[in-house]
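K.L.:
Position chain B against the provided structure of chain A, taking the given hints into account.
Listed in order, the protein sequences are those of chains A and B.
In terms of this note's numbering, the first sequence opens at residue 832 and continues consecutively.
In terms of this note's numbering, the second sequence opens at residue 832 and continues consecutively.
Hints were generated in silico from the structure; no laboratory data involved.
Be careful, since some hints might not be right.
Copies of the same chain look alike in the list, so a pair counts if it works inside one copy or between any two.
When the alpha-carbon atoms are kept at most 20 Å apart in a straight line, the in silico SDA-like pairs for lysine to any residue are as follows [to be verified]: (1) Lys837 / Leu893; (2) Lys837 / Gly1022; (3) Lys834 / Ala924; (4) Lys959 / Arg916.
Number of protein chains: 2
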Amino acid sequence: MSKPAKRYLILAEGKSADPHYGKTARGVLRYSAHPTVAILDSVRAGETQDGIPVVGTVNDALCFNPTTALVGVATQGGRFPPAWRELLRSCVAKGLDVENGLHEFLSDDPELADLAARHGSELRDLRKPPAGLNVPTGENLELDAQVVLTVGSDCAIGKMTVSLELDREARERGLRSVFVPTGQTGIAIAGWGISVDAVVSDFLAGAAERLVVEGAARGDLLWVEGQGALLHPAYSGVTLGLIHGSAPHAYVLCHQAGATEIEGFLGHAIPPLSELVELHERASLTARPARVACVALNTRGLAEDEAQAAVAEAEADTGLPADDPVRFGAGRLLEAVLESVDLRTGTLQAER
Amino acid sequence: MSKPAKRYLILAEGKSADPHYGKTARGVLRYSAHPTVAILDSVRAGETQDGIPVVGTVNDALCFNPTTALVGVATQGGRFPPAWRELLRSCVAKGLDVENGLHEFLSDDPELADLAARHGSELRDLRKPPAGLNVPTGENLELDAQVVLTVGSDCAIGKMTVSLELDREARERGLRSVFVPTGQTGIAIAGWGISVDAVVSDFLAGAAERLVVEGAARGDLLWVEGQGALLHPAYSGVTLGLIHGSAPHAYVLCHQAGATEIEGFLGHAIPPLSELVELHERASLTARPARVACVALNTRGLAEDEAQAAVAEAEADTGLPADDPVRFGAGRLLEAVLESVDLRTGTLQAER
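With the rest of the complex left out, here is chain A (with noise of 0.2 Å):
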């Protein structure tokens, strides 16, 4: 007997509403090829979010027949709130998958694992390494596939986004383009990929080139989903581990309009976006060395006009284009990678 094909339940409870619970559920609702059928969260039963009934309970959920249900809450360095643990034994009571993108794996919890082996339910870490990771070998230097890294400002400011929608903007064109997931979002959306910054430091970069050579041999162009920030207090060990992994030949540079502080770290400045450009090709191998070949700006909250002037102030700083893909196309930033590297098929050609 085949599984049904797989509908979700967003687990938000008491974080529907916060902007960055956003980033694991916006994504998965805005991109997954599976739909979303409810979203939990008491705090706002009867509600509705982008057109998804929000419910209660997991019994007012089973109405709408959801087959997974999925935990989209990022909290910082990525545990559990206990709270949550009433809430996933009723969903695989329920004979509920469950997908889970933190830290705490289920599937090494004991009472979990085995509630669901009794109810058929199976418990997916997205965040789980993949066994048998090492070292990079140098395979990442000899693909024929062009790579293309999402680097940023910050974290959770949409270089996960900007990579999925020049990956679409790609494949409407016809090229072999392939969207990299390196973390749980983009692995619950893509339905492959590894969490890179749940792997054991050493073997950063290995698992990064293992995802490269993943890719290429999925297509010719991969969109590598970038992680933190190269001058982020936390995060920034993931960053280039992933940028040395990956090996890109050209980077887009993500940046949230305005910002001047890294989020939730204060008196972290972000320096001028001039700076980050070279900081980044600086920071390149220097057996592939790579150039920042245009900047993807977050307008969200901006009114038009003043997108339009970020744009603009972003071009005139850096001498680079800058588009906000997600609000004017993707079309022009695309354009501007496909100049930065070198695709060999016919398919490019015919676009230039």
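P.N.:
Okay, now just chain B, sitting in the frame of chain A:
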């Protein structure tokens, strides 16, 4: 009954003549407070190394009365050679404790753990991360201590040694100086620390912060053992996480005189020292801008006049004081560091 003072048997089977083996073994031989009484390498049984007898079997080592076998094999990625298991079983069966610096943990091996329990041996995995790691809290920016991190153009060129030599010189001058271990050899030498390369990537900076917080409880001037290199294709993530988590006030840039390429990674050129100085300064946290105070050159293998010429060349290239602290003493480099940091102790003022 208290344990007898530690006496090391270094396990170096087939490797005692390998220069890479030297990183762990030589570090312990040169800097540990505990003596090494024998080195096990059946290929060279009957010889001596650095005045220490080389033996062919664990039985032959027992007449030197070791208490602790140290695994010093530094394989790439840190996996355990299967042939070593027999050797380890034999050490444990003779009641020796075992200290292991690889990523594969002995204490997780049921057979060895059981054998150790039966023979009263302790299995100490130097790379096993402590429980409860998380992201940094910001405490790293609020310490009274001054933090100096060794960074470098490559791995295994002497960053730990430079930190240890500078620490020793500073203590001899009466400063409350502390060596802060971040890798398995440093931990074996100092008896505390966290092997940051074995930590989950998301908690790298948090682990480094914990180390400087602990260091600041031990003294005023911290010499944090650096790891990897910012442009290393395999280990750069660890390097940047350590930089941002330890939040140094100053760097000592280490370099193997004459090296132009990352060892073991063909085609990865080392940029000029002046570029490396600039890269490290630009990669510093904006909330903790740090300067390179001086250059520590490893001139091993050069004749005296060549070594002096290499030092002069590094000074000309960077405009910074340079020296080989192992060969010519750590005094000049210590003075350069003390010029760069702000130690408000009476001792320091007396020195200046």
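K.L.:
All hints are to be evaluated individually against the structure, with a verdict given for each.
P.N.:
Hint check results:
Proximity of lysine 837 to leucine 893 under the C-alpha cut-off of 20 Å is restricted to the intra-copy arrangement: shortest distance 14 Å within a copy versus 63 Å between copies. In this homomeric assembly, lysine 837 and glycine 1022 come within 20 Å of each other (Cα to Cα) only inside a single copy, at 11 Å, whereas the closest approach across copies is 51 Å. Taking the closest pair of Cα atoms, lysine 834 and alanine 924 come within 20 Å of each other only inside a single copy of the chain (17 Å); across copies the shortest separation is 52 Å, beyond that limit. For the homomeric pair lysine 959 and arginine 916, the shortest alpha-carbon distance inside one copy (19 Å) is at most 20 Å, but the shortest distance between copies (28 Å) is not.
Going through the hint list in order, the structure satisfies each hint without exception.
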